[in-house]
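Novice: Going down the list, the protein sequences come from chains A and B.
Going by numbering that gives the first Met the number 0, the first sequence opens with residue 0, and the numbers climb by one from there.
Going by numbering that gives the first Met the number 0, the second sequence opens with residue 0, and the numbers climb by one from there.
Since the hints were made in silico from the structure, they are not lab data.
Source: prediction; values computed, not measured.
Keep in mind that the hints are not guaranteed to be accurate.
[Claimed, not checked] Capping the alpha-carbon separation at 20 Å, the derived lysine to aspartate or glutamate pairs in EDC-like fashion look like this: (1) B:Lys249 with B:Glu81; (2) B:Lys249 with B:Asp265; (3) B:Lys143 with B:Asp165; (4) B:Lys269 with A:Asp212; (5) B:Lys269 with A:Glu122; (6) A:Lys133 with A:Glu122; (7) A:Lys57 with A:Asp212; (8) B:Lys143 with A:Asp232; (9) A:Lys133 with A:Asp212; (10) B:Lys143 with A:Glu33; (11) B:Lys88 with B:Asp165; (12) B:Lys269 with B:Glu81.
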Amino acid sequence: MRKTFLYSALILASALFIAPFYWTFMTAIKSSAELYQFPPVFWPSEWHFENFAAAWNKQPFGTYLSNSVIVVVLSTVGQLLSSSLVAFGFARFRFPGRDALFILLLATMMIPWDVKMIPLYMEFNMLGWINTLKPLIVPAYFADAFFVFLLRQYIMTVPMEIDEAARMDGANSFDIYWRIHLPLMMPALVLVGTFHFMNAWNDYLGPLIYLNDQSKYTLTLGLSMFKGLHEVDVTSIAAITVILCLPPLVLFFLAQRYIMDGAVGSSVKG
Amino acid sequence: MDMAYAGTKAGVARRKRVTAGRHMAPYLFISPWILGFLFFTLGPLMFSLTMSFYDWPVVGERTFVGLDNYRSMFTEDPQFWESLWITVKFAAIYVPFNIVMSFLLALMLHHVTFASGFFRTAFYLPSVISGVALVTIWSWIYSKEYGLLNFMLSLVGIDGPNWLGDPNLAIVAIIIASLWGLGGTMLILLTGLKAIPKELYEAATVSGVPGWAQMLFITLPMLGPMLIFTFITSIISAFQQLTIALLLTKGGPLGSTYFFAMYIYDNAFKYFDMGYAAAGSWVMFVIVLALSLLVMRWSAAWVYYEGEIRQTDGERNA
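Please model the entire structure based on the sequences and the hints provided.
Specialist: Now the structure itself:
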């Protein structure tokens, strides 16, 4: 009885979360005749998959895609390297000022993005980085507090004896990081990589502020360019929205187990 | 290993080098963060504080104006108070709903085994694709004539309103769209629930403690740190709310969804008044910081942290 109620509530709630996606997909493949029919068509009679190609060709989405891929790939690599290095430093060494620095690192998570937005814009402007992809890539090479925290929790679960044994065999600190801990924290790295990928892929404000030139636009900016016309070109918006949702969706499905285990792990061991 | 060297000059020098290397190593490892902190956090922070005391156009002369930006913001700028009030209203509704709904969903997920992966994914889905795509989806759901929402309402005989065109409803629309992304909060609370030792509940059940009391005296206190964390991050994200409003309503209708973050954004990138915008962002910083400290202070009374040594009553009285 209680289980029945529980599952009914869950099914109802998940329907609320999924329905808009269903609606978007159906909008993308509808014929223009069925688009504005009332009552709305929930199951289109014809599926127009060519709508995707048509929408893609209305703007230079090929260019946007390559820009997005450059940003996401380069910044993810940077985030994984820098955050894991820093996490290793905080987890495996005792040094003067360590605890104070770690508290400072955690405190940076509380600073509203808005406070840094304007000076960062000025800073990148002075460096001549405005209207390039650099502001969206380079900061990822300097470690993110949340990811450092997460990876540090992970490293601390590995017995210190492993490090000591490696050191006895002549490994230096970098070897221990690179050849022992990096492989060991693979699940956590998948988690960090996925989160960072999703943030970078979905980022709208960064590209909006730093990019002017359409040839530099990322996919999110391209999609938002349709927005002004949204009453006229619903199909294109829906089609690009579906395309934009796919990579994070696929990635999340693949990484799901790691994400759940990693998240559970870090909180249990926290 | 180094026995043979001991006492010799070369040995001392070598040991010194090794120790120096050992001393430097940790700083080398954390140097990416230190550099990033200096260049992308501390520097910008100090820079924006300085800017807030200047009349600072993007191009042209900068003049030191002292506290003038703050003074005119507080006394001469109705948009400042209006946008701040809208943000406070938004946060006051969004934050509790976000936490309570995430908690309820997490609680339900915690008790299911069958298809739990499916439900988890379903609730987390909107967080995976947030941003522009999410807002686009919502702009049709709310559309007056073709919208999914008004169609649903028409099925039960309600003539649907113009959600995004009505000043009273637009903010409700934004709150609902924001709550759709509660998957992240839910995930954090779910991991928290899974971390509570089962023995506590078993012991309570054996002693005949009813379910509601277990919730009140075990689940909530044990989940305390996580609840506080999500409480604070919800406040931060409520105050930084920008993308959804920027894309869904552009601040309208009649400025009813003109959030404080948008006010800062407009001052900086529309009116190019960087000093004034910087002053606004510091007002936000102070508010968010004060609220966070308040929450932590208030929570210290009832949150249980593992490993924390509590004063006994005797010590407190002494």
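Novice: Take the hints in turn and mark each one as holding or not.
Specialist: These are the hints, each one checked on the structure:
1. Restraint check for Lys249 (chain B) and Glu81 (chain B): satisfied, since their Cα atoms lie roughly 15 Å apart, inside the 20 Å limit.
2. In summary, the hint linking Lys249 (chain B) to Asp265 (chain B) is supported, as the alpha carbons are separated by about 11 Å, within the 20 Å threshold.
3. In summary, the hint linking Lys143 (chain B) to Asp165 (chain B) is supported, as the alpha carbons are separated by about 11 Å, within the 20 Å threshold.
4. With a CA separation close to 17 Å, the supplied pair Lys269 (chain B) and Asp212 (chain A) stays within the 20 Å bound.
5. For the hint pairing Lys269 (chain B) with Glu122 (chain A), the CA-to-CA distance comes to about 18 Å; that is within 20 Å, so the pair holds.
6. Under the criterion of a C-alpha separation no larger than 20 Å, the hint pairing Lys133 (chain A) with Glu122 (chain A) is consistent with the structure, at around 12 Å.
7. For the given pair, Lys57 (chain A) sits about 17 Å from Asp212 (chain A) by alpha-carbon distance, which is consistent with the 20 Å threshold.
8. Among the hinted pairs, Lys143 (chain B) with Asp232 (chain A) is consistent with the structure: their alpha-carbon atoms are about 16 Å apart, no more than 20 Å.
9. For the suggested pair Lys133 (chain A) and Asp212 (chain A), the alpha carbons sit about 14 Å apart, so the restraint of at most 20 Å is met.
10. The suggested pairing of Lys143 (chain B) with Glu33 (chain A) holds, with an alpha-carbon distance near 17 Å, which does not exceed 20 Å.
11. Simply put, Lys88 (chain B) and Asp165 (chain B) have alpha-carbon atoms about 17 Å apart, close enough for the 20 Å limit, and the pair holds.
12. With a C-alpha separation of about 18 Å, the suggested pair Lys269 (chain B) and Glu81 (chain B) falls inside the 20 Å cut-off, and the hint holds.
In this structure, every one of the numbered hints holds.
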